[in-house]
Amino acid sequence: SQQGEEDPQALSIQEGENATMNCSYKTSINNLQWYRQNSGRGLVHLILIRSNEREKHSGRLRVTLDTSKKSSSLLITASRAADTASYFCATDAVGSEKLVFGKGTKLTVNP
Amino acid sequence: DTGVSQNPRHKITKRGQNVTFRCDPISEHNRLYWYRQTLGQGPEFLTYFQNEAQLEKSRLLSDRFSAERPKGSFSTLEIQRTEQGDSAMYLCASNIEIDSPLHFGNGTRLTVT
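Those protein sequences? They're chains X and B, same order as listed.
Position in the first sequence (from 1) plus 1094 gives the number in our numbering.
Position in the second sequence (from 1) plus 1000 gives the number in our numbering.
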């Protein structure tokens, strides 16, 4: 079963624009993580935000977390063609020791 | 840190055959996970180990699937009597402790004909 749901399923933008992806989840969590996956490859960790945090930054990435709405967003600023990939949110539910992934957002950045 | 290594990268097998995949985690990581991913979907949890102990196994896994992690180092995932529905990417990941990021291998792509 998948706990997180990303929105939109697919996003196509021009280089230099910002990309925003959203994630909703169902249960109380310890933390929420975002991962990136290039076609045919494994996932790469981007950022982790804990349940007591509201916002976190890493380079061109900004993640927000709203535990009252059970949602998170990932913002990529000044996108580049190399950002083209699928992006997944994953949650670590309270009482669980495994990460559960959503279905992902496929981002295409056109040069 | 040489990363998580998975072998083989690709496996094509006929329905009914058994297959085994191997995962070598990052050496100091004592937690190891197996996920399955089909096209257009996110990774789906299969099982995980802390050292050599298998702590959780997905109810989605049938009895045809078994995983081991002898001596708490590398792990193997075996699928017996493969079916076409087993065709997927099998991903291995490891981390050093609960709540730390997962490091993924590049996966083994299984095609059952």
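Read the hints as simulated data drawn from the structure, not as lab findings.
Accuracy of the hints is not assured; some may be wrong.
Okay, derived cross-link-like pairs now, EDC-like style, lysine to aspartate or glutamate, Cα gap no bigger than 20 Å in a straight line [claimed, not checked]:
no., chain 1, residue 1, chain 2, residue 2
1, X, 1120, B, 1086
2, X, 1120, B, 1028
3, X, 1197, B, 1086
4, X, 1192, B, 1044
5, X, 1192, B, 1083
Between beta-carbon pairs, the in silico distance windows are [unchecked claim]:
no., chain 1, residue 1, chain 2, residue 2, range
6, X, 1114, B, 1040, 14 to 22 Å
7, B, 1013, X, 1144, 24 to 32 Å
8, B, 1083, X, 1151, 44 to 52 Å
9, B, 1017, X, 1151, 48 to 56 Å
10, B, 1002, X, 1188, 43 to 51 Å
11, B, 1072, X, 1155, 44 to 52 Å
12, X, 1174, B, 1064, 20 to 28 Å
13, X, 1188, B, 1027, 17 to 25 Å
14, B, 1017, X, 1134, 22 to 30 Å
15, B, 1111, X, 1108, 33 to 41 Å
Positions of the beta carbon are idealized from the N, C-alpha and C atoms, including for glycine.
Checked hints:
Of the supplied pair hints, the one linking residue 1120 (chain X) and residue 1086 (chain B) is violated, its CA atoms being roughly 28 Å apart against a limit of 20 Å. As the CA atoms of residue 1120 (chain X) and residue 1028 (chain B) are separated by approximately 33 Å, the hinted pair breaks the 20 Å bound. With a CA separation close to 19 Å, the supplied pair residue 1197 (chain X) and residue 1086 (chain B) stays within the 20 Å bound. Of the supplied pair hints, the one linking residue 1192 (chain X) and residue 1044 (chain B) holds, its CA atoms being roughly 11 Å apart against a limit of 20 Å.
Simply put, residue 1192 (chain X) and residue 1083 (chain B) have alpha-carbon atoms about 26 Å apart, too far for the 20 Å limit, and the pair is violated. Our hint of 14 to 22 Å for residue 1114 (chain X) and residue 1040 (chain B) holds, since their Cβ atoms are close to 21 Å apart. Against the hinted window of 24 to 32 Å, the Cβ-Cβ separation of residue 1013 (chain B) and residue 1144 (chain X) comes to about 42 Å, which falls outside the hint. At about 45 Å, the beta-carbon gap between residue 1083 (chain B) and residue 1151 (chain X) stays in the expected band of 44 to 52 Å.
For the pair residue 1017 (chain B) and residue 1151 (chain X), the beta carbons lie near 49 Å from each other, so the given range of 48 to 56 Å is met. Restraint check, residue 1002 (chain B) to residue 1188 (chain X): a C-beta distance of roughly 34 Å breaks the suggested window 43 to 51 Å. Distance hint check for residue 1072 (chain B) and residue 1155 (chain X): the Cβ-Cβ separation is about 34 Å, which falls outside the suggested range of 44 to 52 Å. In this structure, residue 1174 (chain X) and residue 1064 (chain B) break the distance hint of 20 to 28 Å, their C-beta atoms being roughly 43 Å apart.
The hint said 17 to 25 Å for the Cβ distance between residue 1188 (chain X) and residue 1027 (chain B), and at roughly 30 Å that hint is violated. Taken as a hint, the range 22 to 30 Å holds for the pair residue 1017 (chain B) and residue 1134 (chain X), whose Cβ atoms sit roughly 24 Å apart. A beta carbon spacing of about 36 Å between residue 1111 (chain B) and residue 1108 (chain X) agrees with the range 33 to 41 Å that was offered as a hint.
When the structure is compared with the earlier hints, violations turn up for hints 1, 2, 5, 7, 10, 11, 12 and 13 and for no others.
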